[in-house]
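Chemist: Spelled out from the first residue to the last, the chains are:
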Amino acid sequence: MKQRREGWVGWLFAAPWVVGFTLLMLYPLVSSLVASFTNYSILRQPKFIGVDNYVELSKDTVFHQSLANTLLYALGAVPLGTVLAIALALLLNAKVKGMPVYRTLLFLPTLVPMVAQATLFLWVFNGDYGILNALLRKIGMNPPNWLGEPMWAKWTLVAIAVWGCGNAMVIYLAGLQNVPPTLYEAAELDGAKAWAKTRHVTLPMLSPVILFNVVMGIIGSIQVFAVPQVMFPGGAPARSTYMFAMYLYDNAFQFQRMGYASAMGWIMFLIILGLTLVSLRLSDRHVHYETS
Amino acid sequence: MTVRATILTLVTAAALVAVAAWGERVVTRSAKPDRVTVVYWEKWTGAEGEAMQKVVDDFNASQDKIFVKYLSISGVDQKTMLATAGGNPPDVAGIWQDQAFTFAELGALTDLEDMATAADLTRDYYIPAYYDALSKDGHLWGLPSTPASIGLYVRPDLVPADVATPETFPKTLEELDALSDRITKKKDGRIELAGFLPSNPGWWNYAWPILFGGENLTDHGPTVDTPEARRAFNWVAGYAKRYGSQAVQSFQSGFGNFASPQDPFMNGKVATEMNGVWKANYIKVYKPGTPFFAVPFPYPADRPDLAGHAVLSQDILCIPRGAKHKAEAFEFIKYVQRQDVMEGLCKSHGKNSPLEKVSEEFFRTHPNKAIRLFDSLARSPKAFSPPLSGFAPQVGTELNNAFQEVNTGSKTPEQALKDAQKRLDTLYKTYVEQVKPK
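Protein sequences appear in the order of chains A and B. Under the working numbering, the letters of the first sequence match residues 16 to 307, in that order. Under the working numbering, the letters of the second sequence match residues 42 to 479, in that order.
Treat the hints loosely; a few may be bogus.
[Stated by the list, open to error] With a Cα cut of at most 20 angstroms, we get these calculated DMTMM-like pairs of lysine to aspartate or glutamate:
| # | chain 1 | residue 1 | chain 2 | residue 2 |
| --- | --- | --- | --- | --- |
| 1 | B | Lys228 | A | Asp143 |
| 2 | B | Lys470 | A | Asp67 |
| 3 | A | Lys74 | B | Asp466 |
| 4 | B | Lys177 | B | Glu91 |
| 5 | B | Lys375 | B | Asp161 |
| 6 | B | Lys367 | B | Glu208 |
| 7 | B | Lys226 | A | Asp67 |
Keep in mind that the hints were calculated from the coordinates and are not lab data.
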């Protein structure tokens, strides 16, 4: 009897999460999966059309373009962001006076809201009046119009993503501070210099954190939406910055094709799942866990 | 846990569920207990929102049965759509004309035809082009709140003296092109002043083929790859070629927002600009004293039959499907259509009136000194609105993309239009199968 009552109490405590998960995650998840096999325009009853949405997606050139744009963006943003965040974390791990100030300064960009970031960088990358081009002209270069030329526009998004690497940097910093000093002492006794210590002690010890950040980076990059939506409405110029999530959003809310958008959502999920599994698989040989 | 505690927890949980389910309705519907509350969602904020709020206040004060609750909502179109799908829409929604048919084809709007006819709000009460843009197959999907017509604004201080009046300004596109070349100044490969740029402000890219005599969408499907469209996009490409695609992009990236003193027309970076009747209001607010006049947008020299053509647009009031108080909502819409109310609202928004009958006082006191021109453009038989179809947004999106491809030099006009047509053909097939009413 007591055990049964305790069971109820347990469920009651868990109820907020269970209710929240069921209503806000599980139900939409299942609904979108069902919707992806239907013609559903929000205001009409969904009509089952089998895999038509997926077949149409396979032939949709704008879908291919938005997917290619997004993968290219991820390919730039994730490795560059990772390298920069590790480099900054290594610098911030040094024992130098005034370090809290440097840490705060480098973390600050992460706190800037996305719309404000987008507006700020519209001016930084402005072809005629942007500070970047002003500096490049000062050193005798003939810089491009970053925002107006299809070839360059998406790289400005990569640059903005890298600029906001503060979150990852803080996680790396926490990881670095967990590396046992004894390992460095042992390496020094073996005659290791700074680079050797970084390569053979720091990076292996940091590898689980790198894996975590890379996986999170991949997820974030594939889902990128707010900054390109504000900076390049409609993926201008000429859809060169049209990202996967923007096309999904347009299909759902601009063209009222919720079924098609749901199919896109599931493809996005599968891509993220696939890339995550590949990352985990590749990490088998390179990630070192202290407990293993 | 005691029985009492369990009951208390369950009651609290039930109360939370009730608040979540009905709280929004309770809050939005109970503005005045002794009157029917009409919930009105509108896109406007700032001065435009204040002007509409004044109309609402005057309506609320004019009678004691209905209370209109005005709510300024960002993304009003999408939120209205979702609220309608959810069964709790506003009673009145302020959307744009080009969305009316998307909403209507999905069954999201109430047909106003009978109520409007009973209230004598028929076609002859309005400038026909505005009414026709809301009516199809005997259904009326909205009534105007504030409309607009689009012309060409000119800075007389930046154009040569021989064309610095509405009478002497070029009438044809070829003359405009030649004038633009005369005015445009470049230094070290960079543009300092542009006579005219088709990409500024770039808000009506769907209209270029129509301005050359074409048609983007017929009852049989999209028709964007036509000789007229090719001619229009070659004309666009001509500007990119003559002034340098990269130079134009670079020049335009330095343009400030249209609602700021850095607007390129106001701060003298472009001498002419295609824009709406409202532009004068922005000039008044952000750079008063900026000299300007307006003319109809020029037509191709070999198509004099297109003289007086003009793009039209309008903000509209509609009643979403499932609105709780349709009759009361229409009472408010009817009030807005009253000549004095409509003129007051349009004047404060810097727009022309959609009504057939316009008072002399309206013209005399309007903030845009070229208001008579914009009024006449709306009445022109060559005036046109976006196509009356739920497929129009997709046509607009593809033409916009084709425009950018041409303007950035990434595709030839022929290729860009061919690709747009191909894509639209596929999308149209899906639209016919899945959305278009049978």
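Chemist: Which of the listed hints are broken here?
Modeler: Structure breaks hints 4, 6, 7.
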